[in-house]
Structure formats: C-alpha cells, structure tokens
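K.L.:
Chains A and B supply the protein sequences, listed in that same order. Each residue of the first sequence is one higher than the one before, starting from 76 at the first, in this note's numbering. Each residue of the second sequence is one higher than the one before, starting from 76 at the first, in this note's numbering.
Worth flagging that the hints you see were computed from the coordinates, not collected in a lab. Watch out, some of these pointers could steer you wrong.
Since the list can't tell identical chains apart, any single copy or any two copies may satisfy a pair.
Cross-link-like lysine-lysine pairs, in silico, DSS-like; alpha carbons within 25 Å at most [said to hold, decoys possible]:
hint, residue 1, residue 2
1, Lys286, Lys189
2, Lys205, Lys112
3, Lys208, Lys259
4, Lys317, Lys259
5, Lys286, Lys334
6, Lys205, Lys234
7, Lys298, Lys189
8, Lys234, Lys166
9, Lys334, Lys208
10, Lys208, Lys166
11, Lys234, Lys208
12, Lys269, Lys171
13, Lys286, Lys269
14, Lys234, Lys298
15, Lys171, Lys208
16, Lys205, Lys171
17, Lys269, Lys205
18, Lys189, Lys317
19, Lys189, Lys112
20, Lys269, Lys112
21, Lys259, Lys269
22, Lys298, Lys205
In this text, all values refer to a predicted model and were calculated from it rather than measured experimentally.
There are 2 protein chains.
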Amino acid sequence: MAFPGERGAYSEEAAVAYFSVNIDTVPCRTVSQVFWKVENSDVGYGVVPVENSTEGGVNETYDLLLETELRVSGEVNLRIIHCLISHHNRKIEDLKVIYSHPQALAQCRRFLDKLSCELVPTFDTAGSVKMIKEEELVDAGAIASERSAQIYAMDILAKGIEDSPTNNTRFLVLSHNDSQPTGKDKCSVIFSTKHAPGALYNALREFALRKINLTMIVSRPTKMIPWEYNFYVDFDGHQSSKVVQECLTSLANHTTFLKVLGSYSGSQDS
Amino acid sequence: MAFPGERGAYSEEAAVAYFSVNIDTVPCRTVSQVFWKVENSDVGYGVVPVENSTEGGVNETYDLLLETELRVSGEVNLRIIHCLISHHNRKIEDLKVIYSHPQALAQCRRFLDKLSCELVPTFDTAGSVKMIKEEELVDAGAIASERSAQIYAMDILAKGIEDSPTNNTRFLVLSHNDSQPTGKDKCSVIFSTKHAPGALYNALREFALRKINLTMIVSRPTKMIPWEYNFYVDFDGHQSSKVVQECLTSLANHTTFLKVLGSYSGSQDS
Numbered sequence: 076m077a078f079p080g081e082r083g084a085y086s087e088e089a090a091v092a093y094f095s096v097n098i099d100t101v102p103c104r105t106v107s108q109v110f111w112k113v114e115n116s117d118v119g120y121g122v123v124p125v126e127n128s129t130e131g132g133v134n135e136t137y138d139l140l141l142e143t144e145l146r147v148s149g150e151v152n153l154r155i156i157h158c159l160i161s162h163h164n165r166k167i168e169d170l171k172v173i174y175s176h177p178q179a180l181a182q183c184r185r186f187l188d189k190l191s192c193e194l195v196p197t198f199d200t201a202g203s204v205k206m207i208k209e210e211e212l213v214d215a216g217a218i219a220s221e222r223s224a225q226i227y228a229m230d231i232l233a234k235g236i237e238d239s240p241t242n243n244t245r246f247l248v249l250s251h252n253d254s255q256p257t258g259k260d261k262c263s264v265i266f267s268t269k270h271a272p273g274a275l276y277n278a279l280r281e282f283a284l285r286k287i288n289l290t291m292i293v294s295r296p297t298k299m300i301p302w303e304y305n306f307y308v309d310f311d312g313h314q315s316s317k318v319v320q321e322c323l324t325s326l327a328n329h330t331t332f333l334k335v336l337g338s339y340s341g342s343q344d345s
Numbered sequence: 076m077a078f079p080g081e082r083g084a085y086s087e088e089a090a091v092a093y094f095s096v097n098i099d100t101v102p103c104r105t106v107s108q109v110f111w112k113v114e115n116s117d118v119g120y121g122v123v124p125v126e127n128s129t130e131g132g133v134n135e136t137y138d139l140l141l142e143t144e145l146r147v148s149g150e151v152n153l154r155i156i157h158c159l160i161s162h163h164n165r166k167i168e169d170l171k172v173i174y175s176h177p178q179a180l181a182q183c184r185r186f187l188d189k190l191s192c193e194l195v196p197t198f199d200t201a202g203s204v205k206m207i208k209e210e211e212l213v214d215a216g217a218i219a220s221e222r223s224a225q226i227y228a229m230d231i232l233a234k235g236i237e238d239s240p241t242n243n244t245r246f247l248v249l250s251h252n253d254s255q256p257t258g259k260d261k262c263s264v265i266f267s268t269k270h271a272p273g274a275l276y277n278a279l280r281e282f283a284l285r286k287i288n289l290t291m292i293v294s295r296p297t298k299m300i301p302w303e304y305n306f307y308v309d310f311d312g313h314q315s316s317k318v319v320q321e322c323l324t325s326l327a328n329h330t331t332f333l334k335v336l337g338s339y340s341g342s343q344d345s
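Take these sequences, add in the hints, and give me the full structure.
P.N.:
Structure (structure tokens):
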C-alpha cells in the first residue's frame, strides 16, 4: 500500500489501521505519486488524505480524484494527535524554528501563538522530523505524530497540541476494484451543474426525495471556467442498490458532468 | 487600506484596483492582522483574498469571516499573472530553488514540473522576492507579480507562467459600514444546517423558489463537531431588497446558524 510522506506519516498510520494487520507500506513523495503507483499496479492499494475536520479539504486529492480511473474502495477516519518533536535534552524554550506541513501548523495555531518561534511550512510532517534530525538543526522542532518520534528516535516535548479536541483526518483507500456492499456503505460522486438559478438545488432534490443522507459536500472550481464548480458529494448507500441507482440516473439529468468514484464500507472512527 | 503581504502583493493590487485612485496601503503580516486593524479602526478598509478560480478557497479568510463583526462592503476580481523573478543576469537554468506561496506554486504546476528546481513554500509571493533579494540568494527565484519585480528592482525571467489562462483571485473589501444598493449587487451569508437528509436541500429551496442565483457555495468544517459544515453562499441581490429579506427570514427556519456578512456591488473582472 502506497502512502504520501515519509515513514511515520499520518497516512501510513491510516494504512495500518485500515488493514489491521502488518502490510508492506511504500512511502511516496506526493499524493499524485500514490495515485500513479496504484494506476500502474506497482502496488495494490493507495491511501490518501481527503479532508481534515478542522482545516477542510485536501485540494490536491480532490483534483486527482477528478481524473483518475481508480476506484475509491475504502475510508479511514484517524484521530490526529500532534506532537512537538525535537532532539534529546531540548526544551520548548530552546526552539527558534518549528517545521511542519501547513495544515499541521494551522491545526496547532493556538499552541504556536504562545511561542515566539519562526514557523516554516514544509511538504510533510514526519519528513520534518527526519530533516531536523539528519541536518542536525539543534534549535529546531517539528510537528508530527508520536510514531514519527519513535521511528527517528527523537523526543516529544509536547503531545496533543492541536487546537481542536476532535481533530480527525479522513483518508480514502484507492484500488482497481469496487468494494462489495456491507450494509453500512457510503458512495462518493463528483458532479457539476449548469450555472443557473436552482441548478444545485435541483440536483440535491434527487437525494432528498429518496431520503438519502449526504455525509459530505465540497465545492471546487472546475479550472475550465472561472467560478464554475464541481461538487464532491458523499452519501449513505452503495451504488449497487436500486435506490442509489435510480438516484444517480435522475441526477444525470441535472448535471453537465457526473462521475461515480466508488462505494465502500463507512469507517468507524479509529 | 490594509492588505496581507509585503509591498507588491496581489492583495495590494486589488486594493488599488478597488479605489481606482491613489490610496494609502498598509502591509500586514497575515490575513488575521488585516481583520484586526480594521476592527480596531487603525485603517478604514481591509482587502483579503477569499477564493482563487483554480485553487479554491482561502481557509483562513473563511474562518475569520465567521467570527468578525466587520461588514463585507465590496469585492474585486483580479486576473493573476504570475512571473518567475530573480536577480539581474540570471537565467532560468541557473536557478536551484524557487520560493513562493503554496497557492502560487500550485497554480504554476505545469511550468514548474519542467524545471528541476527545489520548490519551497513561503507565506507570501512578494515577500519571497524581497527575501531572495535581501538575503542575496543568487541561485533562487520567486514567483510573484510583475509589480513586485519593479518594487524590488529584480528581473522577470518568465511571465504568465500560471497553468490556467483564466486564473483569477477574488478579494473581499472589509469595513465597518454596509454598502448602499447599486442595482447590480451581491450578498454573502454563512449558514449551517442540521445533519439530516435533505437539510441543505431545504435551505437552498428558499433561493430556488425566488429564482435567486447563487454565485458561490463553499463548505467548511464547523470545527465544533467533526464532519458538520458551515456553508458560505454568495448570491445576486442586496439584503435591503424585499425578496432577499423574505428569503433570509425563511432560510433561518432551516438553519441552526445564519450570519449575513454584507451586500456590495458585484465587481467587473479587472
């Protein structure tokens, strides 16, 4: 299973949580590399972050979902507990610079506001721990998972520094195959509507008429025409069920574009 | 008028475009500092980016709009033309590192993929130009506006390097006062709905029934309860008109939270 980031990344944790057994995990430099490795069958599965409960969507993932032929075949909700990590025998007061992914820095805004450290955005949480270790940046800290501190043999100066006590990230599992119905399924679709009064309303009517519960709705610019949107919608149900099939058939009459990403078992929070 | 970023930032350009006369502009370190300076009446107006036509919403602005008592009293659409900027007599092939705001790096993905430079995210486009100049980083380039190259007396190595030929950013103007109707107005609101089938649909019905055109809909996590959303909706009309007032009164019956941010003249693209 491919994941974005260095060893110790939250995505790797999500991959381990999904299979609940030891699996081979393959670190990738970017989210798009994860898609690519699964598309080329270098690995059987990929796991990518799609949405954080405080910071919102991961734009790169949304854009790649639009173009891929892969199926969304699972999801994992991971409780994100951020740690401030540094070298042995360092205190928080010793730190001058703190590195991490912009989303992690944003999720710890209140904790960081109390320090007077320079904040430096990076591409990766666990990768920031690795970097301050390898480059021996003695005045530096990194925000990442407890697991990444263990992997790189560094110290945890503070744990649970995220603003929100309910900080979760949702990951999607990608593969070439659809998942079978389990009775507690979710389905993900992308659609766009004409830019006209009531267009989105008419599209959502198809779900409301059938009492289908939407669990997520996110809008993204189409990139073709300014201020036109693709809507990413997740809802309860499996695409093989009659009611969902009817809903999607009717939905197609209200949309200029409709793509079903896949159906999968809705995760318990982990 | 306060703007986020260093002199030469796109936000400063938006501020100048809005007033179409020379005004005093005050650079601020962050978007939240802009809100704060207007709230404290240190300046009369603020301008903040809210949405890019390719990269989507600016999360920090959305979150601050939720809490502020300021009014949205104007908008500016700015065509964003990115330049690769470096020192005199440098060629693109000489560059080893390119600095810019993550949104600017993302908007120039295709151009950057052809180079083999390290990409370093920063907090600011124009600030990156200033930094490579002041720190004399001779192997470095920055992505920013043509104007910032002029201000810091640096060279433009490539112009118009953004992926999308329709790359626009929309800015909001903040002040203490509402704007009067002009006949071509827009209104911005935030609301949240119960997490139940049809909740968003029932809310949008109030707009559809009155043939009110939605020009933007964006969802953001509420930060209180995971996977509950605030919807940011812009629509044609002024809050002082009878049809909009009726719509908002009815909308309140379907929402658990409703905030009217303000009404303002819808901008021509500039």
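K.L.:
Compare the structure with each hint and give your call.
P.N.:
Okay, the hints, checked on the actual structure:
no.	hint	in the structure
1	Lys286 - Lys189	neither (47 Å within a copy, 49 Å between copies)
2	Lys205 - Lys112	within (24 Å within a copy, 39 Å between copies)
3	Lys208 - Lys259	neither (44 Å within a copy, 57 Å between copies)
4	Lys317 - Lys259	within (15 Å within a copy, 45 Å between copies)
5	Lys286 - Lys334	within (21 Å within a copy, 28 Å between copies)
6	Lys205 - Lys234	within (18 Å within a copy, 36 Å between copies)
7	Lys298 - Lys189	between (39 Å within a copy, 21 Å between copies)
8	Lys234 - Lys166	within (13 Å within a copy, 46 Å between copies)
9	Lys334 - Lys208	neither (44 Å within a copy, 47 Å between copies)
10	Lys208 - Lys166	within (16 Å within a copy, 34 Å between copies)
11	Lys234 - Lys208	within (19 Å within a copy, 38 Å between copies)
12	Lys269 - Lys171	neither (51 Å within a copy, 44 Å between copies)
13	Lys286 - Lys269	both (24 Å within a copy, 14 Å between copies)
14	Lys234 - Lys298	between (40 Å within a copy, 20 Å between copies)
15	Lys171 - Lys208	both (15 Å within a copy, 23 Å between copies)
16	Lys205 - Lys171	both (17 Å within a copy, 22 Å between copies)
17	Lys269 - Lys205	neither (47 Å within a copy, 43 Å between copies)
18	Lys189 - Lys317	neither (55 Å within a copy, 47 Å between copies)
19	Lys189 - Lys112	between (41 Å within a copy, 20 Å between copies)
20	Lys269 - Lys112	neither (35 Å within a copy, 40 Å between copies)
21	Lys259 - Lys269	between (32 Å within a copy, 21 Å between copies)
22	Lys298 - Lys205	neither (35 Å within a copy, 30 Å between copies)
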